[in-house]
Amino acid sequence: MPELPEVETTRRGIAPHVEGGVVTDVVLRRRALRYPIPPSLLTDLPGKVIERVERRGKYLLLCVAEGTVIIHLGMSGNLRLVDHATPVEKHDHVDIVIDSKRILRFHDPRRFGAILWCGGNVLEHALLATLGPEPLEEGFDGDYLYERSRKRKQSIKQFIMDSHVVVGVGNIYASESLFLSGIRPQTAAGKVTRPRCQQLVAAIQQVLQAAIKQGGTTLRDFVDGEGRPGYFQQQLNVYGREGEPCHQCGTAIKQLRQGQRATYYCPHCQR
DNA sequence: CTTTGCACCTGTTGGC
DNA sequence: TGCCAACAGGTGCAAA
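If you read the first sequence in the working numbering, its first letter stands for residue 55, the second for the next number, and so on.
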C-alpha cells in the first residue's frame, strides 16, 4: 500500500503526538509479520522516551536514546493513533502505548510489514545500510541517475523502483513519474539520455511532493495517523486507468506487466 | 555483478 | 448466487 508519500504522511501525522512521550506498554497480539517481532520490543522499549519519529525510504523510525524501532508498513499496513476506547479489530497486531493514554496501533492484513528493534546506529542496520539516496534530498539528481543507469539493461521503470538506486518510488509513482517525463516504461535504463534522466528526476520529485501535499494516495485502504485517507488518487494520470483517455492527448492508456507488476502509460505521450 | 522469479499473506474483484 | 483464479500500494532472497 504505502509508498514514500504515504509513509511520510503517516510520520507527520503521528510525530507531534508521539515525540517526547514515554512508552508505557507494548502489546503484541500477533508476532508473525514479515520477520518475527523481536522479544526485545517488549523488554527494551517500555520506559523509554520516543525522541523523534524519522523516516528512511519507506521505513519509519521511532528513535529512543538506546536504539530505534524500525517499522515498515509493507503492502497493506497502517499505523494510527487511537485510544483505549477504540475497539481492537482484526489484524491490529501491535499496540505501542504512549503515556498510558495514546496508542500507536499497527494494523496489517497481509503481514508483509515489519517491526524490528535496533540498538546502535540504525543507518547501519542491514536493511537500511545499502539503500539508495532519498529522492527529495541532495544526492539524487539527473547526473546521479544517469551515471548509475549506464549499461543497465533493466527497464527504466524497474530501475527506479529499485530501492538501492533510489528509495521510495513504488509502483504507482513509478508509472506517474514516467508519464510526466514522457518516457516509455519499457526503455532500457542504460539508454535513457542524460537530459531525460534530469527530466525523470524532476518528475519523481514533483509527483512525490504533490502526493505528500495531498496526504498520499488511497486506492483501497490507506489511512494516515489519524485514520484519514489520502487524496492524490484524484490526480493520477495513468495508474489504474487502462483504456481511459490520456489527460493530455486523449489516447487510451495502456497497461503492461513488468516483473509481475502492472505498469500504465500513454503510448502517445511516452516514447 | 545484474536480472529474474518467487515467496511471504489476506482480502477483494471479476469472470464464468 | 457461488466458486475460483487473478490481482493488490513491497522487498529480500535464491538462482540463473
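Hints are computed from structural coordinates only; laboratory data are not their basis.
Be aware that a few hints might be false.
Said to hold, decoys possible - In silico EDC-like links for lysine to aspartate or glutamate, alpha-carbon gap of 16 Å or less:
1) K144 <-> E120
2) K245 <-> E201
3) K144 <-> E298
4) K207 <-> E191
5) K102 <-> E73
6) K308 <-> E298
7) K102 <-> D153
8) K155 <-> D137
9) K102 <-> D79
10) K245 <-> D275
11) K155 <-> E73
12) K155 <-> D275
Said to hold, decoys possible - Label pairs and their computed distance ranges (CB to CB):
13) R204 <-> E280: 39 to 47 Å
14) K205 <-> G294: 27 to 35 Å
15) E201 <-> D275: 19 to 27 Å
Every residue, glycine too, gets a C-beta built ideally from N, C-alpha and C.
Find the hints from earlier in the document that the structure breaks and name them by number, from lowest to highest.
-> Those not satisfied are hints 1, 3, 4, 10, 12 and 15.
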